[in-house]
Structure formats: structure tokens, C-alpha cells
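Chains as they are written, first to last, in my numbering: chain A, 1 to 196; chain B, 1 to 466.
FYI, nobody ran anything at the bench for these hints, they're computed from the structure.
The structure presented is a predicted model; accordingly, all values stated were derived computationally and were not measured.
Treat the hints loosely; a few may be bogus.
[As the list claims (entries may be wrong)] Simulated crosslink set (DSSO-like; lysine-lysine; CA at most 27 Å straight-line):
hint, chain 1, residue 1, chain 2, residue 2
1, B, Lys17, A, Lys76
2, B, Lys88, A, Lys196
3, A, Lys173, B, Lys163
4, A, Lys186, B, Lys51
5, B, Lys177, A, Lys136
6, B, Lys422, A, Lys196
7, A, Lys186, B, Lys264
8, A, Lys186, B, Lys17
9, A, Lys196, B, Lys307
10, A, Lys76, B, Lys307
11, B, Lys321, A, Lys186
12, B, Lys321, A, Lys38
13, B, Lys165, A, Lys33
14, B, Lys88, A, Lys169
15, B, Lys51, A, Lys33
16, B, Lys163, A, Lys196
17, B, Lys51, A, Lys196
18, A, Lys129, B, Lys316
19, B, Lys422, A, Lys52
20, B, Lys321, A, Lys52
21, A, Lys173, B, Lys17
22, A, Lys57, B, Lys422
23, A, Lys169, B, Lys163
24, A, Lys186, B, Lys307
25, A, Lys196, B, Lys17
26, B, Lys163, A, Lys76
27, A, Lys33, B, Lys267
28, A, Lys196, B, Lys264
29, B, Lys165, A, Lys57
30, A, Lys196, B, Lys252
31, B, Lys46, A, Lys38
32, B, Lys88, A, Lys33
33, A, Lys57, B, Lys321
34, A, Lys76, B, Lys316
35, B, Lys267, A, Lys196
36, A, Lys196, B, Lys97
37, A, Lys76, B, Lys321
38, A, Lys136, B, Lys245
39, A, Lys173, B, Lys367
40, B, Lys258, A, Lys196
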Amino acid sequence: MAYDKFSKITSPAVPLPVENVDTDQIIPARYLKAVERKGFGDNLFRDWRYNKDGTPKTDFPLNNSSYSGKVLVAGKNFGSGSSREHAIWALYDYGFRVVVSSFFADIFRNNALNNGLLPVIVSPEFLEKIFQEIEKNPAAQFEANLENQTFTILKTGESETFEINPYKKHCLKNGLDDIDYLVALKEEITAFEEGK
Amino acid sequence: MEANTLFDKIWDAHAVKQVEGGPAVLYIDRHLIHEVTSPVAFLGLKTRGLKVFRPDQTTATPDHNVPTENQHLTIMDELSRHQVDMLKRNCEEHNIKYHDLQSDGHGIVHIIGPELGLTQPGLTIVCGDSHTSTHGAFGAIAFGIGTSEVEMVLASQCIMQPKPKKMRITVNGELKKGVTAKDIALYIISQISTSGGTGHFIEYAGQAITSLSMEGRMTLCNLSIESGARGGMIAPDETTINYVKGRQYAPKGADWEKAVSAWKELKSDEEAVFDTEYTFDAADIEPMITYGTNPGMGIGITQNIPKVNGMSGSDKSTFLKSLQYMGYTEGDSMIGKQVDYVFVGSCTNGRIEDFRAFAGFVKGKEKAPGVTAWLVPGSQKVEKQIRNEGLDKILEAAGFQLRQPGCSACLAMNEDKIPDGKYAVSTSNRNFEGRQGPGARTMLASPLTAAAAAITGTITDPRDMM
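Using the sequences and the hints, build the whole thing.
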């Protein structure tokens, strides 16, 4: 799936200090009926973001105009539940390029990496600091640097490094996906099949 | 020789290559697809001008958003109809076996795979659905994937995966009366939490596990994902072999003999080391019920909802948010709580054994007048067997009707939505906020506990009525 090359993002962040945010909250199943990868951002966090009559819930961070930016900061175990890649498409389509948490569900993390959305895992203590920084100043700037594998609170200069496997890092930096790689491997795959 | 786990043996036999500093290229034997997570993958193939690499290794069926009534009519919901039509068209174009609505092979993907004999020990099986872990019950490596990965499998019959860590969960002893595979699973998740299995692949072992039927094993492995693990598996034995034998896609004749002798070797070596181990005692498990909004928030049915006292920080806020959504109070007993809906079905508990348990329980009793019950067989074959065994008559006499196969109220993508604020006892797999419909309140339980609730209209210990 085509996505923007990722190098470094400097941006304010949107806080979502909730744990175990599951993929049914990120995008409820009833919004999975599209056959193209378009427009999912409108229904991102649908039931937390809108009242039943469709009016925005004023206390939800995405509806708070003081928050903005390409970085979402969320509580631990983000993205648990379903394998729906629509969750990533919704976050990406809304404009997020980075999600920061202290813990991600496996399938969500894989899906994010396959779609140019960077999952940044930080320590619980650093996550708390990030939340505090946003609370102090909703316009506070953060930097996600893929090359250095760092996430930095720009005002204080406090920074943490995050893990990413070198292959995925290479893919994200160059906007590549695994399909190009696998298709080029067909001869090897065929030989493997014959040897089975 | 190095001691290996069952997982290692199957994984290593399917690793085409290891990318340096990256994931393995893992060969996939069986690929299952459905209408919701495949259309964008097919679109991707088209954009790249690619064909399906091994069409005979993919099997398709619509399940997630199909209606469970009047399946002979055109699907009323336009978007659902379009997704189902699209799946059918994509399968025709790429020569993929498609099991249409009402055909003998139709049903929830994770129910039909085993029924058709596509699911076999030692295989790698993937599907764009997290409950693909179900197939691990046969001693296969089976796990859910995203749409990008569905496209990878279609294009190359491989995906790129880092090798997970290995966990073994041993449940010793015998299960007590009224305790089912569903209760084992909910018990385990309540003990290790919904993130306890993250980064791992589970192997289940111990007497309480090996004494389970294939249906029970599928229920247990199905729920592995709810602990955060990618999948769970059980070493194949006679129970497994007897289940697979004679099914449509099972090996036949000399191939069968050869397969069986290979399957008998599929087990973890005695010296094999797991990254994480847990041991539980079956005697500690009673019928389980969830009180909160994730599958880890479960308790034995006679226990009380935990108290907030002693919790701190984010654990406390998560707990309170859950109770508020459910309309429950800390420290309360679950017994006697009101039940408006009962849902029996899904890839977790939509198999024949689940309907036998439910029908056996309600036989000669009567459904509570205030309860709306949705009984949704997991497949055409399950529905047919229910009728062959006369269970439909027992159910009807007790005031229950069967619907037609599909995922139904498990994720409420079709019309089967629990109304806002209503309480549902559900045999499915997720009690997330709004999972069964906006504002719906879900309590996960076994088919027996669901049956007790359907008869009394309240949360009831099924053992008191058996």
C-alpha cells in the first residue's frame, strides 16, 4: 500500500490517556463496509467522538481545538482486538503519522508498520511525562526521528530511543512495502515449494 | 540435537528465508478470506498488475456482515451486499474456491476450515481475522493478519513475520461439572490479562486440555488472541486425527497413512524451553462471566466484581470507566443481574457441541419472557446437524428459534445489534464497548451459562440447574 516516506516528524500531539484502546473503539465494525481504502478518518473513534445524534462530544480530545498534530499519544495496550487494518487506515487518513504508547498489540503494530504509521514504544514513565507536557501546553512540540530512533519532548530536550527492526525501518524510510520484496522472491518461493 | 517446541518445528519447516535484521519469509499453506478484509487486498493486486500466485491454497466465504435471516433473498443493506458481491467477483476472476451463502460449505471461516478438512496438523494457516488462532487446535500455526498481509499471501503465498516468543500454559487435573473450554479460556485471560500473551505464541498442555474435544480445543485456541497472543496451539493426538479423518480435503489412502505418521511426531520435545510458562489447576476454575469491557475482566460466576480499593493510577481509571459503561457497582455479585439478550454463536462457540450443550440444558424448560435469544449456527453443516439430531425441536419447544449462519451479533456488522444500554450474555469473544451494537453491554460466558440466563432472565449459575 502506498504511503509517504517517513524520516522525521515535528508536531504537537493529541493525548488519549486511556488504556486498552481496542480496534472496535478506533473504528467500529459497522464502518468496515467500504471496499476501498478511503474516508475512514471520518469515523475514527466514532463512538467516543460523536453523540448518537452525530454531534461531536466536546470532552473527546479529537474535538478539542487546542489539540492538533500528527502524533497520537495513548495509554498502554493500544490496538488490541481485531486484525482490521481499517484501524490504521482511519488513523492515517485522519492525519496521524505516529502513535506513541508504552505497549502495543502485536497485529496492530504489524499493520501500522505496513502502512507508514510509526508505532513508538516508550517507557511508562516517559509516556507519563509526555502526557504531562501536553497538559501543561497543548501546543508543545514533539519530534519523532526514525533515523535516530528517538522520540523527544522538544521543550525540555528529554528523549527516549525506541526499537524498530532494521528491515522495517528501511521500508518506512523509503515508502516500500513487503509485497515488492516478496514478488521479487518468487523463484525462491517456488523452489521452496518443490523441496517441501 | 537441539530440543524444539511444536511451534519451532512447524515454523522452521515453513521459513523460506530469514531477512537479515528483519522478519522471516514464512510460507503459508492455507489462506482463508472473507468479504471485509479482502477487497482492498484484491484492489492492491489489480493496481500492481499481479495475479493470485497459488489460487488453490485460498478459500473464501462471506460471513462478517451477512444477514442471519432470509439468506435466500438479496441482501438488503447496500454496502454489505456490495462487499459480498465483490468477494464473489474477485474469487471468480482469480479462480478461488468460494462458498456462497446457503451452499453446503458456507459458514464462519473458522468453522468451515476445520469442517472441510482444510485445517490439518503441521500447517501454516492465516486469515484477515484475529480469531484465525482457532485452527491452532489441530497443532497448526494459525494467526490473524492485516489486509496488507492478505495481499502478500495472494501475491506470493508468503508473509513477512518476526518469530514470536513461546509460551506454554499447562492446565492440570480434571474440569469440574458445568465447566467448559470457554471457562478455561476466560479464566486464563483473567489471570494473565489481555496483554499477557502479547509477543508470544501459546502452546496449551495438561490433562484438562488433552481431555477436551476438538470443539472445545477450538474454543480455547480461538480465545488466545484475547490474551494478546498471536495464536495458541495444541499438539495433535488421536482426538485430532479422528476429527480430520474422512473430511473433504483430508488426505486419502496412502497419503492419509503418511500424514498420520508425520502428525504423530508433532509435539514439543521434552527438553524444549519456553520463554514463558504458566501452570493452572482445573479444580480452581468455575463457570466464568465477564463484568467489564475487555475479556480479561472475568470472574467465577459465584464471585463478586472486584473492589477499586487497592487499585491505583491507570488500572483504577480503566476499571471505573468499564463499570460505568456496564452500569455495575464494585463489589457486587453478578448472580441475579438482569439479562435482556442471549447470543449463542460465533467462531468461539458456534459449533455443534455448543448447541448440544445449550439444547441439553434448556430441554423441558422455558425461555424467560423478557429475554430475546439469538441462536446462530456457525455454518450450514452445524445447522444441518442441529436438525439431524432433533435439537431444533428441543429448542423450539423451549421457545427458541434458530437463525442462519454468520458472524452475527459477535461484531454486529449486520442487523443483529444489541440495542443501546441492553444487557447481553454472549458466547462470543469480545465485550468491548459497543462491540455488539452502540451502547450494548456484553457479558461473555459459555453456552451453558448463556442457557441458564436465557431460562431465568438473570445471571444464574448453570450448576444450580443441572
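Each hint tested on the structure:
Annotation: proposed proximity of lysine 17 (chain B) to lysine 76 (chain A) is violated, straight-line Cα distance about 33 Å (limit 27 Å). A distance of roughly 31 Å separates the Cα atoms of lysine 88 (chain B) and lysine 196 (chain A); the hinted pair therefore is violated under the 27 Å criterion. Pair hint lysine 173 (chain A) plus lysine 163 (chain B) holds up; C-alpha atoms about 23 Å apart against a cutoff of 27 Å. The suggested pairing of lysine 186 (chain A) with lysine 51 (chain B) holds, with an alpha-carbon distance near 12 Å, which does not exceed 27 Å.
For the proposed pair lysine 177 (chain B) and lysine 136 (chain A), the alpha carbon gap of about 56 Å is over 27 Å, so the pair is violated. Distance restraint check for lysine 422 (chain B) and lysine 196 (chain A): the Cα-Cα separation of roughly 53 Å exceeds the 27 Å cut-off, and the hinted pair is therefore not satisfied. Between the alpha carbons of lysine 186 (chain A) and lysine 264 (chain B) the distance comes to roughly 32 Å, so the proposed pair goes past 27 Å and is violated. Only pairs whose Cα atoms come within 27 Å are accepted, and lysine 186 (chain A) paired with lysine 17 (chain B) is accepted, the gap being roughly 12 Å.
Of the supplied pair hints, the one linking lysine 196 (chain A) and lysine 307 (chain B) is violated, its CA atoms being roughly 55 Å apart against a limit of 27 Å. Proposed proximity of lysine 76 (chain A) and lysine 307 (chain B) is supported: the alpha carbons are some 22 Å apart, at most 27 Å. With a C-alpha separation of about 50 Å, the suggested pair lysine 321 (chain B) and lysine 186 (chain A) falls outside the 27 Å cut-off, and the hint is violated. Restraint check for lysine 321 (chain B) and lysine 38 (chain A): not satisfied, since their Cα atoms lie roughly 32 Å apart, outside the 27 Å limit.
Annotation: proposed proximity of lysine 165 (chain B) to lysine 33 (chain A) is violated, straight-line Cα distance about 34 Å (limit 27 Å). Our distance criterion of 27 Å between C-alpha atoms is broken by lysine 88 (chain B) and lysine 169 (chain A), whose separation comes to about 37 Å. Distance restraint check for lysine 51 (chain B) and lysine 33 (chain A): the Cα-Cα separation of roughly 24 Å lies within the 27 Å cut-off, and the hinted pair is therefore satisfied. Of the pairs offered as hints, the one joining lysine 163 (chain B) and lysine 196 (chain A) holds, with about 20 Å between alpha carbons and a cut-off of 27 Å not exceeded.
This hinted pair checks out: lysine 51 (chain B) and lysine 196 (chain A) have alpha carbons roughly 23 Å apart, not beyond 27 Å. Between lysine 129 (chain A) and lysine 316 (chain B) the CA atoms are separated by roughly 19 Å; this keeps the pair inside 27 Å, and the hint holds. Distance restraint check for lysine 422 (chain B) and lysine 52 (chain A): the Cα-Cα separation of roughly 16 Å lies within the 27 Å cut-off, and the hinted pair is therefore satisfied. Taking the CA atoms of lysine 321 (chain B) and lysine 52 (chain A), the gap is about 19 Å. The hint holds against a cut of 27 Å.
Under the criterion of a C-alpha separation no larger than 27 Å, the hint pairing lysine 173 (chain A) with lysine 17 (chain B) is consistent with the structure, at around 23 Å. Among the hinted pairs, lysine 57 (chain A) with lysine 422 (chain B) is consistent with the structure: their alpha-carbon atoms are about 22 Å apart, no more than 27 Å. Note on lysine 169 (chain A) and lysine 163 (chain B): the hinted pairing holds, with a Cα-Cα distance of about 17 Å set against a maximum of 27 Å. A threshold of 27 Å between alpha carbons decides the hint, and for lysine 186 (chain A) with lysine 307 (chain B) the separation of about 57 Å lies outside it, so the pair is violated.
With a CA separation close to 14 Å, the supplied pair lysine 196 (chain A) and lysine 17 (chain B) stays within the 27 Å bound. Among the hinted pairs, lysine 163 (chain B) with lysine 76 (chain A) is consistent with the structure: their alpha-carbon atoms are about 23 Å apart, no more than 27 Å. For the hint linking lysine 33 (chain A) to lysine 267 (chain B), the alpha-carbon distance of about 41 Å lies beyond 27 Å, and the restraint is violated. Annotation: proposed proximity of lysine 196 (chain A) to lysine 264 (chain B) holds, straight-line Cα distance about 18 Å (limit 27 Å).
Proximity of lysine 165 (chain B) to lysine 57 (chain A) is assessed by CA-CA distance (about 41 Å); at most 27 Å being required, the pair is judged violated. Note on lysine 196 (chain A) and lysine 252 (chain B): the hinted pairing holds, with a Cα-Cα distance of about 19 Å set against a maximum of 27 Å. A distance of roughly 17 Å separates the Cα atoms of lysine 46 (chain B) and lysine 38 (chain A); the hinted pair therefore holds under the 27 Å criterion. Under the criterion of a C-alpha separation no larger than 27 Å, the hint pairing lysine 88 (chain B) with lysine 33 (chain A) is consistent with the structure, at around 15 Å.
For the suggested pair lysine 57 (chain A) and lysine 321 (chain B), the alpha carbons sit about 16 Å apart, so the restraint of at most 27 Å is met. Annotation: proposed proximity of lysine 76 (chain A) to lysine 316 (chain B) holds, straight-line Cα distance about 13 Å (limit 27 Å). For the given pair, lysine 267 (chain B) sits about 19 Å from lysine 196 (chain A) by alpha-carbon distance, which is consistent with the 27 Å threshold. Simply put, lysine 196 (chain A) and lysine 97 (chain B) have alpha-carbon atoms about 23 Å apart, close enough for the 27 Å limit, and the pair holds.
Pair hint lysine 76 (chain A) plus lysine 321 (chain B) holds up; C-alpha atoms about 15 Å apart against a cutoff of 27 Å. The straight-line distance between the Cα atoms of lysine 136 (chain A) and lysine 245 (chain B) is roughly 65 Å, outside the 27 Å bound, and the hint therefore fails. Our distance criterion of 27 Å between C-alpha atoms is broken by lysine 173 (chain A) and lysine 367 (chain B), whose separation comes to about 60 Å. Straight-line distance between C-alpha atoms of lysine 258 (chain B) and lysine 196 (chain A) comes to about 14 Å, which keeps the hinted pair within the 27 Å bound.
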